[in-house]
Amino acid sequence: MKLKTFALIAASSAMTLPAFAADYDITEFDTVFGTDISNTASLKYQVNGTEIDETSNTVEFKVDRKVIFSVTDNQTTTDPVVVNAGDNAVTVYTIQNDSNAPISFQLPIPPTGTTYSYVDPTDGVTVITVDSSDAAAIIPLVTGDANTPVTVDITVTLTVPNDAESGDQIFTPLNIVAVEPATDAEIGGGVTAGDQIVATPSTAAWDEDVIQTITIADLLNVDGVSVELDNNQEFVVSASDLSIVKTVAILSDPINSTTNPKAIPGAVVEYTLTITNAGLIAATGVNLTDVVPTAFDLTDAYVETYTLDAVATVPGIAGNTLTFNGLSIDAATDITLPATYGSIVIKFTVKLP
Amino acid sequence: MIKKITLAFSLSLMSLVASAEVTLTNTVFEVVTITNEDGSKQDKWQQPDKLLPGERVGYQIEVNNKGTEPAVDIVIANPIPEHTLYVQDSAKGINTSIEFSVDNGKTFAQPAQLFIDKEGKRVQATSEDFTQVRWKLNTPLAAGDSSTVQYIVKIK
Chain A
0 MKLKTFALIA ASSAMTLPAF AADYDITEFD TVFGTDISNT ASLKYQVNGT
50 EIDETSNTVE FKVDRKVIFS VTDNQTTTDP VVVNAGDNAV TVYTIQNDSN
100 APISFQLPIP PTGTTYSYVD PTDGVTVITV DSSDAAAIIP LVTGDANTPV
150 TVDITVTLTV PNDAESGDQI FTPLNIVAVE PATDAEIGGG VTAGDQIVAT
200 PSTAAWDEDV IQTITIADLL NVDGVSVELD NNQEFVVSAS DLSIVKTVAI
250 LSDPINSTTN PKAIPGAVVE YTLTITNAGL IAATGVNLTD VVPTAFDLTD
300 AYVETYTLDA VATVPGIAGN TLTFNGLSID AATDITLPAT YGSIVIKFTV
350 KLP
Chain B
0 MIKKITLAFS LSLMSLVASA EVTLTNTVFE VVTITNEDGS KQDKWQQPDK
50 LLPGERVGYQ IEVNNKGTEP AVDIVIANPI PEHTLYVQDS AKGINTSIEF
100 SVDNGKTFAQ PAQLFIDKEG KRVQATSEDF TQVRWKLNTP LAAGDSSTVQ
150 YIVKIK
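Chains as they are written, first to last, in numbering that gives the first Met the number 0: chain A, 0 to 352; chain B, 0 to 155.
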């Protein structure tokens with residue numbers, strides 16, 4: 000039946016264009032796309048005492064399809080999320096299908112070193128893991144509604160290299176493209192399972208027998224037709240970043256005592272080892288080895304003094320080799336500000352024979 | 000003699016048929032809310048461009064007396080289609096009394112007199128419980144005249 004196009008409302012002053020909502024509310028019932036809605040009016044009347052019944056034409060149309068989905072990640076701290084070198088950067092993305100139609104979601108092939116894993120929604124049990132050697136996965140989601148949302152969790156895992164440096168940026172990306180879950184001749188000009196879902200152009204004329212596909216602005220690709228969503232959780236690498244500086248000073252000698260002492264036999268020499276941590280995580284279990292020049296005899300009558308941050312400490316001594324084991328150096332609080340770096344100072348004195 | 004009677008009978012039948020030609024035409028629109036320049040909002044009935052859950056559909060029914068005699072006691076009835084809900088206070092028609100049914104057209108009444116069974120209790124029906132809407136035209140429809148009634152439903 001052809002549609003009449005006359006206006007029904009009373010005359011009014013100049014009007015602005017309709018302000019359509021950019022997103023469509025999910026209704027409690029959310030009638031499935033393609034459902035036929037049919038209406039026939041009936042009439043009774045009398046002419047000259049005779050009762051007559053009539054019916055109108057039947058007006059029928061199919062409910063169109065709205066393709067709406069959301070993706071939320073499980074990171075609750077502020078971005079970027081801190082991850083230690085050598086650990087896994089993990090983000091769980093939850094996809095929720097809020098369409099009035101089943102939708103399939105195509106994941107890309109993960110980058111090398113990244114895996115995606117999820118529970119197969121068709122059986123609710125099988126765990127599927129995809130890495131860079133696998134084909135792109137397609138995940139089908141049935142239609143839900145406001146009371147029973149339908150979701151799938153995708154875990155994206157990337158192992159941070161052990162030698163990643165503090166401050167390096169790491170990403171766990173997930174780009175999802177909506178694809179047709181089935182072949183259907185009534186959608187648009189007919190679609191095939193696996194095709195990218197295409198939003199109907201706003202210029203397309205309405206046809207009561209053709210199912211249009213509508214989506215929201217946030218899901219519409221720059222090409223104006225594909226329906227997809229890019230996600231990219233950022234991480235920052237935390238690592239220890241140690242450096243060591245060694246200095247030497249003469250504390251005293253037998254002739255000058257402590258006034259401008261010289262490096263002459265009998266002088267007391269002080270070595271200072273400063274270990275600095277410019278990284279964002281504390282260094283622990285650090286072992287330091289220092290070889291004292293062979294001119295010094297660590298077994299003579301002079302009693303060497305060893306301190307760690309001004310507190311007496313006892314190193315391991317083997318010949319002229321000193322070892323200080325199990326040291327801990329605090330992390331920096333701002334890798335751009337050396338004043339915030341963690342450090343420890345080891346000092347020891349030896350006598351010049 | 001018999002011939003004459005037969006002729007008269009068939010003639011009167013023809014005139015009866017010729018005088019009773021009232022047609023009923025049903026048209027569907029999409030009903031959207033528009034904002035005027037002064038910020039006020041109103042409904043606009045327009046050609047549909049898409050019909051999605053949550054959107055409103057307006058039906059306009061025109062009754063047209065194309066006959067030569069007035070039509071009286073005109074009653075137009077429409078269902079609230081499956082998968083839709085009646086939009087409260089949307090049924091309109093000049094010079095009509097409007098009633099609703101909650102029992103698929105068996106009985107009609109004003110909204111205040113409509114009740115349904117909910118979990119064993121008899122409760123007042125809401126517009127979402129209506130199954131039919133009916134307009135009774137208060138005046139005859141003269142030959143050549145037409146009248147229009149309308150209502151709006153929301154797609155579930």
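Rather than coming from a laboratory, the hints here were simulated on the basis of the structure. Among the clues, some could well be false.
Unchecked claim - Over 10 Å on every C-beta distance to chain A, these chain B residues come out as not near it, computed from the model: (1) ASP48; (2) LYS49; (3) PRO52; (4) ASN77; (5) HIS82; (6) PHE107; (7) GLY119; (8) THR125.
Said to hold, decoys possible - Label-pair ranges, simulated between beta-carbon atoms: (9) ASN56/A <-> GLY143/B: 17 to 27 Å; (10) THR22/B <-> ASP119/A: 40 to 50 Å; (11) GLU127/B <-> VAL31/A: 11 to 21 Å; (12) SER201/A <-> LYS40/B: 43 to 53 Å; (13) VAL31/A <-> THR22/B: 50 to 60 Å; (14) GLU36/B <-> PRO110/A: 25 to 35 Å; (15) THR138/B <-> THR191/A: 52 to 62 Å; (16) VAL122/B <-> ASN56/A: 46 to 56 Å; (17) GLU127/B <-> ILE51/A: 31 to 41 Å; (18) GLU127/B <-> GLU53/A: 40 to 50 Å; (19) VAL71/B <-> GLN195/A: 14 to 24 Å; (20) GLU127/B <-> THR150/A: 27 to 37 Å; (21) THR138/B <-> ASN56/A: 48 to 58 Å; (22) VAL31/A <-> THR67/B: 46 to 56 Å.
As the list claims (entries may be wrong) - Computed footprint of chain A on chain B, listed as stretches where at least three residues anywhere in the stretch have a Cβ under 8 Å from a Cβ of chain A: (23) 60-66; (24) 88-101.
We put the CB at the ideal spot given by N, CA and C, even for glycine.
Hints, verified against the model:
1. The Cβ of ASP48/B sits about 5 Å from the closest Cβ of chain A, inside the 10 Å cut-off, so the non-interface label is violated.
2. Chain A draws LYS49/B into its interface by the beta-carbon criterion, the shortest separation being 5 Å against a cut-off of 10 Å.
3. Look at PRO52/B: its CB is around 5 Å from the nearest CB on chain A, not clear of 10 Å, so calling it non-interface is violated.
4. A beta-carbon of chain A is positioned within 10 Å of the beta-carbon of ASN77/B; the least distance is around 5 Å.
5. A beta-carbon of chain A is positioned within 10 Å of the beta-carbon of HIS82/B; the least distance is around 5 Å.
6. The Cβ of PHE107/B lies farther than 10 Å from every Cβ of chain A, with a closest approach of about 12 Å, so its non-interface assignment holds.
7. Every Cβ of chain A is farther than 10 Å from the Cβ of GLY119/B; the closest lies at roughly 23 Å, confirming the non-interface assignment.
8. The Cβ of THR125/B sits about 14 Å from the closest Cβ of chain A, beyond the 10 Å cut-off, so the non-interface label holds.
9. Taken as a hint, the range 17 to 27 Å holds for the pair ASN56/A and GLY143/B, whose Cβ atoms sit roughly 21 Å apart.
10. Judged by the Cβ atoms, the range 40 to 50 Å given for THR22/B and ASP119/A is violated: they are separated by roughly 57 Å.
11. At about 19 Å, the CB distance of GLU127/B to VAL31/A agrees with the hint of 11 to 21 Å.
12. In this structure, SER201/A and LYS40/B break the distance hint of 43 to 53 Å, their C-beta atoms being roughly 22 Å apart.
13. VAL31/A and THR22/B have their C-beta atoms about 34 Å apart, which leaves the hinted 50 to 60 Å range violated.
14. The given range of 25 to 35 Å is broken by GLU36/B and PRO110/A, whose C-beta atoms sit roughly 52 Å from each other.
15. Distance hint check for THR138/B and THR191/A: the Cβ-Cβ separation is about 58 Å, which falls inside the suggested range of 52 to 62 Å.
16. Here the CB-CB span from VAL122/B to ASN56/A is close to 36 Å, at odds with the stated 46 to 56 Å.
17. For the hinted restraint 31 to 41 Å between GLU127/B and ILE51/A, the CB-CB distance of approximately 33 Å keeps it satisfied.
18. Checked against the hint of 40 to 50 Å, the pair GLU127/B and GLU53/A fails, with Cβ atoms roughly 29 Å apart.
19. Checked against the hint of 14 to 24 Å, the pair VAL71/B and GLN195/A fails, with Cβ atoms roughly 60 Å apart.
20. In this structure, GLU127/B and THR150/A meet the distance hint of 27 to 37 Å, their C-beta atoms being roughly 29 Å apart.
21. Between THR138/B and ASN56/A the beta carbons are some 25 Å apart, a value that contradicts the proposed interval 48 to 58 Å.
22. At about 48 Å, the CB distance of VAL31/A to THR67/B agrees with the hint of 46 to 56 Å.
23. Figure legend: the stretch 60-66 of chain B, annotated as covered by chain A; annotation consistent (3 residues with Cβ-Cβ distances under 8 Å, at least 3 required).
24. Coverage of a stretch by a chain is defined here by at least three residues with a beta carbon nearer than 8 Å to that chain's beta carbons; for the stretch 88-101 of chain B and chain A the count is 0, and the condition is violated.
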